Amino acid sequence: MSRTSKQWADQPKLPPTHYVNSRIYTDDAIHREEIEKIFNRVWLIACHESELPNKFDYRTFLHPSGRSLLLIRGEDDSVRAFYNTCSHRGNRLVQVPAGNAKRITCIFHHWSYDPKGACIDIPRETQGYGDRICKANVGLREVRCERGLGGFIWVNIDDASESLTEFIGDALEDLQVELSQSLEVFHYHQAIIETNYKLWHDTNRELYHDYMHYHNRLTGLGQKGYFDRVYHPYPNGHVQLDSMEIQYQAYRGKQRTLTWPGSKAACHKLIDIFPGTTFILRAPSMRVDTMTPLGANRVMIEFRGLGLKNEPAGDRAERLMEHNNLWGPLGLNLHEDLLANELQTDAMRDGVEAAYVLHAREENNTTQDEIGMRQYYAEWGRRMGRSPHDPYGKATAAVAA
Amino acid sequence: MNADKEISDLVYKSCFMLDEMDFSGYLSLCAPDYRYRVVAYSPELRKDMVWQDVDKEAMQHHLELVPKHVREMVSVSRFPTVYLIEYEDGGRRAKVFSGMQLFKTKLDGGETRLYAVCRLNDVVDLSNGAPRLLSREVRMHTRQLGTGTQVPF
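Residue numbers (this note's numbering), protein chains in the order written: chain A, 14 to 414; chain B, 1263 to 1415.
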């Protein structure tokens, strides 16, 4: 039966953990607060080590704060990260996504920096600055940078936050063997989608949407054991889904046979790292999604497809083919996920009667339980100091009154 | 009939067929050993990426699956322009270099936006009657495709 305006606006008769106010997906002020309270305080993947394999290779990364970061491998083979900003007049130093340079020179006034962020040249330094400014005091702003499991390079612009090891904890243990191989990125693309970053990440935290994917309906969803897979929450908002061997014959006419070291053939694994990184293995393909929110209703998602370094050409071709068929920009599944999120945002436009979004499925934490989202929003609420079901405190105030 | 016109018509027809989602029509323009690749240079990785690489059988399987998948409600319009035709192998085949723009028009409201630009590097078989596509390499200029598409370029 349909609902009246009042019924639509009434809070669901569910525990507060089982729904969120859709304004958390559309409100500009909440978005700005998320940047400050979440993204500026957590570890985020900036790139993979294979994207800067050689000494003096560099890579840029758009941090959600809006800052461009510059990552550069030094002569000592260490990767360091800095604000991609000249200390002189704030110009952006590096304009391209990747390259190689022993020194970084600003195009504007030719101030130069070495790969450790030290300023090494200021044209006509003493003539113009006397003893007021010297190179030693105007190095680049360094950002915490650590190599994590799998060779991913993580950054954190909060100098006071916990270490990467403390942040991740044991959340990646189910991919420990797979990520301990020597990996390289063979695919990279960005998708800028008109949606809130959390809506994209929600999609990676539940398999209830498998009904949308023709591929998934024919493969995993119809298999024995699908509904036995359990989501395991970890501290800091991370979550991991039990693995399963997927039967692909119904969709492709044949089963996948090429494995990923440490995994069985056709193994499916899924790990989500708060606030928006996802590791997915559909052996033989591995994909890692990362996100940079560009606004309340806009997100840039970076998709990386990974293979093993120096693997035989035939293996790489098969891994690439399986990756592209589903996950490439022309793949059959990825479009469906991205479209669903844009349609959610289209329907949620910040209007008069914001909807409630239900996260109420309970099935003993198994595949189609929505525990992945409930756990996410518990962490979100903790960091934001807001209740996702009542982000403005109006309902709570009304009850108190 | 003028060979240049026949070849150009082939390129244009292949794009019109895809606009109309006439997949069997598109495949009928392809030789039995057709190969289709989509490549893009990645400045992030500093190397070429392959986004799709299929033979005719795999292309046919892919196209059979497209209507079964959820898809954006838009029409896609392809605007190819044949720039250059080079004959080789005694006129038995030709290399065709074209540029192409694609636009998406929403069914709801009719707004049109530029979606992608690319180059088409085709090899056309002229040895057996009507020209047929022997291979197509789509070299993408655009690397950000929003929600993307499942239909070949």
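Quick caveat, the hints were computed from the structure, so don't treat them as lab data. Hints are not guaranteed to be accurate.
[Unchecked claim] Below 16 Å or equal to it, Euclidean Cα-Cα: the simulated EDC-like pairs (lysine to aspartate or glutamate) are:
1) A/Lys115 to A/Glu138
2) B/Lys1368 to A/Glu207
3) B/Lys1368 to A/Glu355
Since the structure is predicted, the reported quantities are computational estimates derived from the model, not experimental observations.
Results of checking the hints against the structure:
no., hint, result
1, A/Lys115 to A/Glu138, "violated (21 Å)"
2, B/Lys1368 to A/Glu207, "holds (15 Å)"
3, B/Lys1368 to A/Glu355, "holds (14 Å)"
In the structure shown, a violation is registered for the earlier hint numbered 1 alone.
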